[in-house]
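Peer 1: This is what each chain is made of:
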Amino acid sequence: MNKSNKIQKNTTKSSKFSKNSISSINLAEQKRKQVFRPLLDNPYSQRHWPYIANQTQNDILELLRSYIKHEEYITGFNKVVKQLEYQAQHKKFSPNSIRYVIVCKKDINNVLADIFPCLCFNAKVKLIQLPRNSAAKLGTSIIGLTKQEGVLFEILDRLDDVEIPWLSNLINNTTSYNELKILK
Amino acid sequence: MSKKKKGKNQQQQIPNKDNFSRLNYLYQASNSLSNNYPILSRGLNRNLKLISKRTTLKIHSNVKRTICKNCHSLLIPGISVSNYIENKSKSKAQHNDILVRTCLNCKAIKRFPTKIREGKNDTEDE
Chain A
1 MNKSNKIQKN TTKSSKFSKN SISSINLAEQ KRKQVFRPLL DNPYSQRHWP YIANQTQNDI
61 LELLRSYIKH EEYITGFNKV VKQLEYQAQH KKFSPNSIRY VIVCKKDINN VLADIFPCLC
121 FNAKVKLIQL PRNSAAKLGT SIIGLTKQEG VLFEILDRLD DVEIPWLSNL INNTTSYNEL
181 KILK
Chain B
1 MSKKKKGKNQ QQQIPNKDNF SRLNYLYQAS NSLSNNYPIL SRGLNRNLKL ISKRTTLKIH
61 SNVKRTICKN CHSLLIPGIS VSNYIENKSK SKAQHNDILV RTCLNCKAIK RFPTKIREGK
121 NDTEDE
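Going line by line, the protein sequences match chains A and B. Under UniProt numbering, the first residue of the first sequence is numbered 1, with each subsequent residue one higher. Under UniProt numbering, the first residue of the second sequence is numbered 1, with each subsequent residue one higher.
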């Protein structure tokens with residue numbers, strides 16, 4: 001995990017060059033017009049998804065498909081996120097509160113998926129990502145589960161929690177300044 | 001040898017490196033202060049935006065989206081921003097979903113379309 005600040009280079013090519021007017025001046029101009037622009041990137045990497053092996057992901061998917069047919073669960077982005085935000089603010093667990101969030105990360109837009117690591121960290125909930133195209137198999141892309149017993153929950157309990165070092169430092173007041181780093 | 005030289009040249013090419021490190025400092029300072037001194041953190045974020053405008057330096061959209069456009073407070077999901085999906089279309093098609101982010105400090109609203117564009121959604125696996 002690279003906590004230091006990055007400066008990325010962004011290339012923008014000009015498309016003004018036309019085929020009809022090939023001359024040495026134009027060629028030189030085209031070469032000059034390739035502009036590199038530095039960008040300030042986030043020093044705190046935004047992607048903190050806990051690692052889950054592919055085989056485990058597939059196992060969880062299969063178990064979930066059978067689980068969903070019989071048991072109750074919370075589904076849909078709005079319901080899950082609303083519940084998680086409530087849990088993050090109150091920091092209390094009730095029997096009805098969500099303990100595991102399952103997200104088909106590759107099947108939804110990045111803008112939506114990027115919310116979950118921070119949110120799950122604040123709500124102290126486990127975050128599980130599923131392989132590509134699993135949303136079609138499950139019927140939904142986001143599922144919230146309460147704690148129950150079974151093989152599925154034994155596997156889920158063994159997985160890693162979400163870890164966001166900069167956010168936990170922020171809450172515990174132990175942040176430090178990182179040196180500027182430049183990528184080539 | 002030649003590779004090393006190239007690396008050096010590339011480093012020298014970055015203009016306004018001092019300004020970048022200033023922005024870097026401001027962002028990290030506002031992060032670390034956002035919990036205890038929210039007003040100071042907002043002030044730092046405002047400085048960050050003003051300096052990036054004055055020096056015409058680009059900031060990555062990831063960073064920009066963590067700062068409220070209205071009150072410049074730091075937006076962290078679960079603490080200072082609430083998200084929900086809105087769909088006002090008649091057909092309720094999934095590609096019309098819009099993510100609405102509300103800053104809990106000033107209640108300012110920002111919307112993001114969530115349609116998946118092909119080839120744009122590939123994230124790097126760690």
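Among these hints, one or two may not hold up.
Said to hold, decoys possible - Coverage of chain A stretches by chain B, computed from C-beta distances (three or more under 8 Å per stretch; other residues unrestricted):
hint: 1; segment: 80 to 90
hint: 2; segment: 98 to 104
Unchecked claim - Each computed EDC-like pair below joins lysine to aspartate or glutamate, with the alpha-carbon atoms no more than 16 Å apart:
hint: 3; chain 1: A; residue 1: Lys-126; chain 2: A; residue 2: Asp-160
hint: 4; chain 1: B; residue 1: Lys-115; chain 2: A; residue 2: Asp-114
hint: 5; chain 1: A; residue 1: Lys-79; chain 2: B; residue 2: Asp-97
hint: 6; chain 1: B; residue 1: Lys-64; chain 2: A; residue 2: Asp-114
hint: 7; chain 1: A; residue 1: Lys-82; chain 2: B; residue 2: Asp-18
hint: 8; chain 1: A; residue 1: Lys-79; chain 2: B; residue 2: Glu-86
hint: 9; chain 1: B; residue 1: Lys-115; chain 2: A; residue 2: Asp-160
hint: 10; chain 1: A; residue 1: Lys-147; chain 2: A; residue 2: Glu-72
hint: 11; chain 1: A; residue 1: Lys-124; chain 2: A; residue 2: Glu-71
Unchecked claim - In silico negatives: residues of chain A with every beta carbon more than 12 Å from chain B:
hint: 12; residue: Thr-56
hint: 13; residue: Glu-62
hint: 14; residue: Arg-65
hint: 15; residue: Phe-93
hint: 16; residue: Ser-94
hint: 17; residue: Pro-95
hint: 18; residue: Phe-121
hint: 19; residue: Ala-123
hint: 20; residue: Lys-126
hint: 21; residue: Lys-137
hint: 22; residue: Leu-138
hint: 23; residue: Glu-149
hint: 24; residue: Leu-159
The set of hints was computed from the structure by calculation and includes no laboratory data. Cβ atoms here follow ideal geometry from the backbone N, Cα and C, with glycine treated the same way.
Peer 1: It remains to establish, for every hint, whether it holds in the given structure.
Peer 2: Status of each hint after checking the structure:
1. 80 to 90: holds (count 6)
2. 98 to 104: With 0 residues in contact (Cβ-Cβ under 8 Å with chain B), the coverage given for the segment 98 to 104 of chain A is violated.
3. A:Lys-126 / A:Asp-160: Holds. A:Lys-126 to A:Asp-160 sits at ~8 Å (cutoff 16 Å).
4. B:Lys-115 / A:Asp-114: holds (15 Å)
5. A:Lys-79 / B:Asp-97: holds (15 Å)
6. B:Lys-64 / A:Asp-114: Answer holds: B:Lys-64 to A:Asp-114 is near 14 Å, not above 16 Å.
7. A:Lys-82 / B:Asp-18: violated (42 Å)
8. A:Lys-79 / B:Glu-86: holds (12 Å)
9. B:Lys-115 / A:Asp-160: violated (30 Å)
10. A:Lys-147 / A:Glu-72: holds (11 Å)
11. A:Lys-124 / A:Glu-71: violated (23 Å)
12. Thr-56: holds (14 Å)
13. Glu-62: holds (21 Å)
14. Arg-65: Fine: 21 Å to the nearest Cβ keeps A:Arg-65 off the interface.
15. Phe-93: Nearest chain B Cβ is 15 Å from A:Phe-93, so the label holds.
16. Ser-94: A:Ser-94 is indeed farther than 12 Å from all Cβ atoms of chain B, at 18 Å.
17. Pro-95: holds (21 Å)
18. Phe-121: violated (8 Å)
19. Ala-123: Violated, since 6 Å does not exceed 12 Å.
20. Lys-126: A:Lys-126 clear of chain B: closest Cβ-Cβ about 15 Å, beyond 12 Å.
21. Lys-137: Given that every Cβ of chain B is farther than 12 Å from that of A:Lys-137, nearest at about 16 Å, it holds.
22. Leu-138: holds (15 Å)
23. Glu-149: holds (28 Å)
24. Leu-159: Non-interface label on A:Leu-159 holds, nearest chain B Cβ at 15 Å vs cutoff 12 Å.
The earlier numbered hints that this structure contradicts are 2, 7, 9, 11, 18, 19.
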